[in-house]
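Chemist: The primary structure of each chain is shown beneath.
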Amino acid sequence: MEKRGEGKEERVGELSRPTLEVVDLTVRFGGILALDQVSLRIDAGEVVAIIGPNGAGKTTLFNAVCGFVRPGSGRIDYRGEPLLGTAPHRLARLGIARTLQSLGLWPGLSVQENVVAGSNRRPGFVSSLLALPSSDRIEAELASKAHDILGRLGIAGYASAYPLTLPYGVQKRVIIARALMAEPSLLLLDEPVSGLSAEDIDELAGLIKQLRTRMCVAVVEHHLDFVMAISDRIIVLNVGRVIASGTPKEIRDDPQVATAYLGEDVPTPEASSDA
Amino acid sequence: MVAVRSRADRLVASTLRRHLLIALGAAVVLLLLSAQIGAYDDYNLTAVAIFAVAAAGLTLLTGLNGQLSLGHGALMAIGAYTTSLLLKDHRQLPVIVVLLISVVSAGVIGIAFGYAAARLRGPYLAGATLTLAVALPQVATRYKSIFGGESGLTVPPSAPPDWLGADFPPERWLAWIAVAAAVVTMLLLANLLRSAPGRAFKAVRDNEAAAALAGIDVARTQVLAFVISAACAGLAGALFAYWSGITSPAGFSLSLSLQLITAIVIGGLGSLAGAVWGSIVLVFVPLLTSGLASSVHLPSAVADNLPLAIYGGILVIAMLVAPHGIQGALRRILAIGRARREHTPGGGQKGVVDWDDPAPGT
Ligand SMILES: Nc1ncnc2c1ncn2[C@@H]1O[C@H](COP(=O)(O)OP(=O)(O)O)[C@@H](O)[C@H]1O
Ligand SMILES: [Mg+2]
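The listed protein sequences correspond, in order, to chains A and B.
Per the numbering used here, the very first residue in the first sequence carries number 1; after that it's consecutive.
Per the numbering used here, the very first residue in the second sequence carries number 276; after that it's consecutive.
What the hints contain is simulated information worked out from the structure, not anything from laboratory work.
A virtual CB, placed ideally from N, CA and C, is assigned to each residue, including glycine.
A portion of the hints provided could be inaccurate.
[Stated by the list, open to error] Coverage of chain B stretches by chain A, computed from C-beta distances (three or more under 8 Å per stretch; other residues unrestricted):
#1 475–484
#2 489–497
[To be verified] Computed Cβ-Cβ distance ranges for the label pairs, DEER-style:
#3 B:Ala584 - A:Gly31: 35 to 45 Å
#4 B:Ile386 - A:Phe29: 30 to 40 Å
#5 B:Ala301 - A:Ser134: 18 to 28 Å
#6 B:Arg616 - A:Gly195: 30 to 40 Å
#7 A:Ser73 - B:Lys419: 56 to 66 Å
[Said to hold, decoys possible] Examples of chain B residues toward chain A, derived with CB under 7 Å:
#8 Ser289
#9 Thr290
#10 Leu291
#11 Gln367
#12 Leu463
#13 Ser470
My request is simple: use the sequences and hints to build the entire structure.
Modeler: What follows is the structure, given as structure tokens:
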């Protein structure tokens, strides 16, 4: 993948308030306490990994942020504004993009369309209905932007293919391309490297390091080498609770983490329990 | 050669111009055709155009947005009754005004049903729309003084304008109206499907959670699809009223709704061209089968049921031979031809967004 000089740019106008702040969040599914008084924050420009065994509540945390599940109690603030109660489809405009553990590609749309649809910018209904020049212009801009992003991810050649005909590794890049199309300020990735080859994992790590200059990234992932390579901070969840939080080195050395998680065999990710 | 090519490219570079060219071409061919054929075939051409309008709306809802409606016959009835009631009191109202009011009235009813439908999924939605199909004709029977009960309302034909001459056949005039309505409908739908709304419809059909995360308002998209689809059904119903000359509950039974579903499946689910193929099948196959049945001499008990049996048989065979419908089969044949010519199997054009491509594997 082509490297660009973006790593050197400094973030402009960085604010001291966190991008995402979760306070005492509790989510219950019937008798299951999926999240138990979880508090965490993600600051601007940070790459934060959320790790923990299967069923720890990682996906549920993302679902609560995105409005797919209703927390029993607690608070989620995004850039200082309360986020709870916001309909999922409004998040994209607020600058939050998320990939699903189950990918969520639309099989009936080409790769190109799958990516274009990720943009917050789209021609209006009337302008599309009448095929006004403005709709053609916006569509052309979106197509060229999608093409750039696909190119940056090394999959421009698949633009006109349909996603389910493609190798899994390509599908995972398409879904990241869709999220990037929205130019988010907070990117939530749910298990982005599960099922990828070692080479693909390295490339994705490189990409995330580039992205950090433009957005903060929260990654749920099992793959520890990947997590250690990309994160500024790691948050460890276990049975719905935050049991540790710190730099990759601190987490590696934390005895509690070792017994709860790292000491065990790394569980293989299962098919999703997304939204 | 290059200069010619680039001028041609520029001419079709705009979506509107490209779609207008196709629409005008289709309209001219059909109008010329209508002048060559007799009154009976003009009558059948009108029927194809009417079903094509309804089927195009239904394929948008069911094929592209994934909402199964078994009640589209009832939505056609709303258009037809609106037209009939308008003409009962205002005989002289211009056709275009009558059609537009019928479109709006079906669209407004579509908003109400769309909101209900957006809360329902799969079998529940099918059940609700089925109820609509069964219940709505009952309203006409119940409120006899307004809707004319079982015998219905008669619809005065639309007289051809004077400039066409005194002896211009009314069947041909109606065919022109229906063809024009169908072409405009296809043009507008094709525009929508080429752009963001088309993507939103399919995205919601394929994965609602992912659509919401991409900023698409799922419920609003579903209501929108329902309203557009209902408006198309209303237009088809209004034309149907002119075409049949009478609007009665029997004309809008459940079987009409099921025929429309058959048409879009046979034609190729989710494709506008497929809606047209399906409508042609819907109109001409029964004519063909009843012709066949009457040509062999059989006891009437058998002969009466033969057309339906043959019709059913043809549909079953069609689905086995072409599971993606007629349009899907044509697309495959064209793709094989193209690959042979270019020696590039599969082939991947860049940036080509095929607006009426049904989902592969759906
Ligand atoms: N929609 C849901 N309904 C019921 N239980 C759920 C739902 N989503 C998650 N859970 C349960 O909540 C717990 C946490 O799940 P999840 O957040 O998917 O874990 P992780 O992503 O960390 O593997 C699990 O016990 C899971 O079964
Ligand atoms: Mg998970």
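Chemist: Tell me if the beta carbons of Ala584 of chain B and Gly31 of chain A are separated by a distance inside 35 to 45 Å.
Modeler: The hint (35 to 45 Å, Cβ to Cβ) is violated, given that Ala584 of chain B and Gly31 of chain A are roughly 57 Å apart.
Chemist: Just to be careful: measuring from the Cβ of Ser289 of chain B to every Cβ in chain A, is the smallest value less than 7 Å?
Modeler: 6 Å, holds
Chemist: Can you verify the interface hint for Ser470 of chain B: is its Cβ closer than 7 Å to any Cβ in chain A?
Modeler: 4 Å, holds
Chemist: Double-check Leu291 of chain B for me: the hint is only fine if its C-beta lies closer than 7 Å to a C-beta in chain A.
Modeler: Interface hint status for Leu291 of chain B: holds (4 Å vs cutoff 7 Å).
Chemist: Quick check: does the Cβ-Cβ distance between Ile386 of chain B and Phe29 of chain A fall within 30 to 40 Å?
Modeler: Holds, since Ile386 of chain B and Phe29 of chain A (Cβ atoms, about 35 Å apart) stay within the stated range.
Chemist: Just to be careful: measuring from the Cβ of Gln367 of chain B to every Cβ in chain A, is the smallest value less than 7 Å?
Modeler: 31 Å, violated
Chemist: Given a cut of 7 Å on the nearest C-beta pair, is the interface hint for Leu463 of chain B held or broken against chain A?
Modeler: 6 Å, holds
Chemist: Just to be sure I understand the hint, the distance between the Cβ atoms of Ala301 of chain B and Ser134 of chain A should be within 18 to 28 Å; is that true here?
Modeler: 26 Å, holds
Chemist: When you take the CB atoms of Arg616 of chain B and Gly195 of chain A, is the distance between them in 30 to 40 Å?
Modeler: 38 Å, holds
Chemist: Can we keep the Thr290 of chain B interface hint, with Cβ of chain A closer than 7 Å?
Modeler: 4 Å, holds
Chemist: For the region 475–484 of chain B, do three or more residues have a beta carbon lying closer than 8 Å to a beta carbon of chain A?
Modeler: Holds, because 7 residues of the region 475–484 of chain B bring their Cβ atoms closer than 8 Å to Cβ atoms of chain A.
Chemist: Per the coverage rule (Cβ-Cβ under 8 Å, at least three residues), is the region 489–497 of chain B covered by chain A?
Modeler: holds (count 5)
When each numbered hint is compared with the structure, violations occur for hints 3, 11.
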